[in-house]
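Protein sequences, first through last, are from chains A and B.
Here this note's numbering is used: the first residue of the first sequence is 19, the next is one more, and so on.
Here this note's numbering is used: the first residue of the second sequence is -11, the next is one more, and so on.
If you're looking for bench data, these hints aren't it; they were derived computationally from the structure.
Even for Gly, the Cβ is constructed at its ideal location relative to N, Cα and C.
Some hints could be false.
[Unchecked claim] Taking lysine-lysine and the DSS-like style, the derived pairs with C-alpha atoms no more than 27 Å apart in a straight line are:
{"no.": "1", "chain 1": "B", "residue 1": "Lys57", "chain 2": "A", "residue 2": "Lys75"}
{"no.": "2", "chain 1": "A", "residue 1": "Lys112", "chain 2": "B", "residue 2": "Lys92"}
{"no.": "3", "chain 1": "B", "residue 1": "Lys45", "chain 2": "A", "residue 2": "Lys112"}
[To be verified] So, partial list: chain B residues that the calculated Cβ filter (under 10 Å) puts toward chain A:
{"no.": "4", "residue": "Phe34"}
{"no.": "5", "residue": "Leu88"}
{"no.": "6", "residue": "Gly91"}
{"no.": "7", "residue": "Lys92"}
{"no.": "8", "residue": "Gly93"}
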Amino acid sequence: DSGVTQTPKHLITATGQRVTLRCSPRSGDLSVYWYQQSLDQGLQFLIQYYNGEERAKGNILERFSAQQFPDLHSELNLSSLELGDSALYFCASKGNGDTQYFGPGTRLTVL
Amino acid sequence: EDQVTQSPEALRLQEGESSSLNCSYTVSGLRGLFWYRQDPGKGPEFLFTLYSAGEEKEKERLKATLTKKESFLHITAPKPEDSATYLCAVQPKRGGADGLTFGKGTHLIIQP
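Take these sequences, add in the hints, and give me the full structure.
What follows is the structure, given as structure tokens:
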């Protein structure tokens, strides 16, 4: 158990809909990262937050957005969903060291 | 653009048969190279961080090594419970912006 929690575990929705994925980092970790894992693309970095502020963006679509709240939990919002957005979404957190610790993931299925 | 290539894509070994997994990388300034293990439907589990060429890290039957262009994950006398996908990732030297770039992984199967 990494100490990172993600909810929900599974999410099934329809094209065009909007969903919110939630992540609670390890206690004390200020950095939160979001990654998407699909069969063809592998694990891809989406976005990073540090203590409530956006720090870096990766391959994140404009339909996706995220935020980190004062209690350090983070939410990833996915809108206008397409079939190709079906994937595993992982959150990771990092403290003062270099290691990112990953949560168990949310499996999103868009029908 | 940072790139990580892992080979082979899949590897099937007999229990006790040692082998190595390869991770080739290009990055504009390497801060660290990471190895993770991922079981089906689970989140990646951290194994090792390597920072400089020549560095080695060991954990049970696994040993990771690093050169300026690649890293190897050596598996000695593997057991069926070592079956998993092994992921390699690089972290660039970019101040506080440190999202990882991952390879597509090596799917390892150890047969009893």
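Item to check | Violations among the numbered hints | outcome: Failing hints: none at all.
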